[in-house]
Amino acid sequence: MKSSLYRWGVVVVAFLAALYVLTPTIIDWSDGKLDGAPGSTDGVASMFLKTNEATGQVTWEGIQPLTLGLDLQGGLLLQYHVYVDRAVQDRLTRMASDLEERLAQEKEGIEVEAVHPPGQTYIDVTLGDAADKALFTDDFMTFFPSLLKMDSGSNTLRLEMDPNYIEETKGFAVTQAIETIRSRIDALGVAEPSITRQGMSDIVIQLPGIQEENIERAKELIGQTAQLRFQMVDDDGTNQFFGQFRGQLPEGFALRSIDGGYFSVTHQSKDALKEFFAGRAPDNRAIGYQFHPVYIDRENGIIDEQQSYWKTYLVYREAELTGDYIQDARVAVDQQFNRPYVSLNFDAKGAELFGATTTEYTGQRFAIMMDDEVNSAPVINEPILGGRAQITLGSMQSYTEIQKEAQDLVIVLRHGALPAPIERQFETIVGPTLGQDSIDSSMRALLVGSILVILFMLIYYRRSGFISTIALTLNLVLIMAGLAAIGATLTLPGIAGIILTVGMAVDANVIIYERIREELVVGKKPVRVAVKEGFDKAFSAVLDANITTGIAALVLLQYGTGPIRGFAITLLIGIVSTLFTAVYVTRILFDDWMQRSKKDTLSI
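Residue numbers (numbering that gives the first Met the number 0): 0 to 603.
No lab work stands behind these hints: they were computed from the structure. Just so you know, not all the hints are guaranteed correct.
[Said to hold, decoys possible] Taking lysine-lysine pairs in the DSS-like style, the calculated list, with each CA pair at most 30 angstroms apart, reads:
1) K148 with K132
2) K269 with K132
3) K106 with K269
4) K218 with K403
5) K106 with K148
6) K132 with K106
7) K218 with K269
8) K218 with K132
9) K273 with K106
[Stated by the list, open to error] Label pairs and their in silico Cβ distance ranges:
10) A130 with G354: 51 to 57 angstroms
11) Y164 with S397: 44 to 50 angstroms
12) G246 with E178: 47 to 53 angstroms
13) K269 with G486: 41 to 47 angstroms
In this text, all values refer to a predicted model and were calculated from it rather than measured experimentally. For glycine and all other residues, C-beta sits at the position ideal for the given N, C-alpha and C.
Turn these sequences into a full structure, and let the hints steer you where they fit.
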């Protein structure tokens with residue numbers, strides 16, 4: 000008797016635990032989740048459940064509701080390629096600067112130039128005195144463990160980046176890009192985004208349930224590299240560099256004088272300028288681009304697209320300061336012009352660098368750049384020691400547009416820049432109507448399939464079939480609870496996995512029932528003995544079948560992507576649940592039936 004109570008206790012605990020885990024899902028879906036509306040926690044439920052303000056999702060003690068995938072509720076699917084080589088190049092450029100600083104600390108007044116040639120994986124160090132090569136001791140190189148000393152001349156030294164470190168940097172760039180994108184999307188309030196790595200350098204993003212009006216904003220927010228850099232403009236070399244193209248510019252290009260007499264090559268297309276200057280910038284210099292609007296109606300922000308153009312700046316490649324030193328970024332409003340802008344506060348180190356830079360370069364132009372675009376290039380009139388700066392935004396836009404752009408830029412700056420540029424490979428938008436059709440079709444398939452299986456079991460196995468129906472119902476509850484417990488997303492392949500699991504569960508019951516029949520007919524054994532031996536002899540066959548299916552599911556989970564992994568996860572959860580319900584629960588129900596029944600017969 001105690002053994003029976005213990006076994007029933009296990010079943011009851013499993014069922015109650017499943018209901019506990021599924022409670023947020025039941026409330027969320029019953030309040031309109033299947034129609035794309037978030038759930039609510041009004042009434043008594045509000046005492047126990049919480050609604051996420053950003054996503055509208057109902058949670059209970061940290062348990063998230065089972066969310067629907069992109070194919071079921073609609074949304075946005077994006078795939079991006081991460082240019083990981085750029086992360087390596089940026090790292091080498093920073094190392095070259097760090098080398099010069101470290102050598103200056105080792106020997107005061109040392110003449111040294113560390114140059115990282117673009118596209119290469121090494122740094123060339125040129126010393127004013129060949130004797131200074133002795134500074135590159137093993138102890139000194141411990142500050143740069145990823146650099147290997149290679150061939151050298153009398154006063155030069157080449158430091159090659161360790162190939163293993165290159166691969167590590169590439170891998171970290173993708174991982175960091177995923178986390179940065181996730182932070183940006185979370186700030187938008189998209190419920191349960193799926194962001195996964197595919198291959199060596201691709202990222203797949205699924206945003207289920209995203210509102211149509213937020214799709215373009217999400218794409219812009221994701222794709223913005225947002226590498227904020229403060230770079231000095233090469234005032235001394237600007238006129239010489241741009242002036243050399245006088246009379247040699249293709250049609251559509253022009254040489255203009257800007258900012259008090261500095262030359263600039265201009266064009267209506269930024270892409271045309273980038274193509275023209277590709278590979279032409281001098282060593283340690285880069286080209287910055289800035290849009291120059293010509294207004295038809297300045298008050299209403301209406302510009303003349305035919306007269307407006309992009310202009311160019313010659314800036315030093317090395318940044319004096321980057322967005323890494325930003326402590327806070329927020330949207331503020333210029334009281335004089337009533338225009339939103341982004342206010343920046345640097346941390347202590349950033350404020351020190353900003354103050355030192357503006358002190359050293361007083362009287363020169365200082366470019367505030369986002370990626371390769373010059374936001375502004377003001378002249379430093381006096382040292383700025385407060386550790387504050389501001390970024391003005393597109394003046395050709397309306398107040399609302401500028402405010403939204405400022406808010407998005409604040410999100411990007413607060414959550415960090417992408418470690419490398421990314422490029423969108425493709426996108427797919429699944430409309431909510433198509434998603435609802437998928438829900439209806441898949442649920443109909445699951446319902447019809449389950450009903451047909453139940454009818455077959457009831458007709459063919461009679462009362463024993465009713466026991467299978469109870470076990471099958473519990474099986475479905477446990478599968479859904481398992482998916483919710485691990486935070487999985489329910490997709491069409493996942494529903495296919497559930498339907499397959501239903502068939503596997505029934506197949507297990509059929510094997511057991513046929514073994515019981517054999518024991519009753521062939522062995523002429525009593526009912527209790529036949530049931531016991533039927534379960535015992537069928538167990539190995541049921542276990543073997545589920546193990547082989549589980550191996551296949553593990554392979555799909557390991558090597559599959561996206562929907563295939565969802566199918567594999569559902570199948571694995573279904574296998575565990577099937578073994579529990581088809582063997583353990585069914586056996587308990589049979590034993591209880593045998594104890595309560597006074598007849599030595601079996602309806603099977």
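Against the structure, the hints:
1. K148 with K132: It holds: about 11 angstroms lies between the C-alpha atoms, which stays within 30 angstroms.
2. K269 with K132: violated, 44 angstroms
3. K106 with K269: Since the Cα atoms of K106 and K269 sit roughly 45 angstroms apart, the hinted pair is violated (cutoff 30 angstroms).
4. K218 with K403: The given pair, whose Cα atoms are some 14 angstroms apart, holds under the 30 angstroms limit.
5. K106 with K148: holds, 20 angstroms
6. K132 with K106: Holds. K132 to K106 sits at ~12 angstroms (cutoff 30 angstroms).
7. K218 with K269: holds, 21 angstroms
8. K218 with K132: violated, 50 angstroms
9. K273 with K106: With Cα atoms ~41 angstroms apart, K273 and K106 exceed 30 angstroms; violated.
10. A130 with G354: 51 to 57 angstroms: violated, 36 angstroms
11. Y164 with S397: 44 to 50 angstroms: holds, 48 angstroms
12. G246 with E178: 47 to 53 angstroms: holds, 50 angstroms
13. K269 with G486: 41 to 47 angstroms: Distance hint for K269, G486 holds at roughly 42 angstroms.
Checked against the numbered hints given earlier, this structure breaks hints 2, 3, 8, 9, 10; the rest are met.
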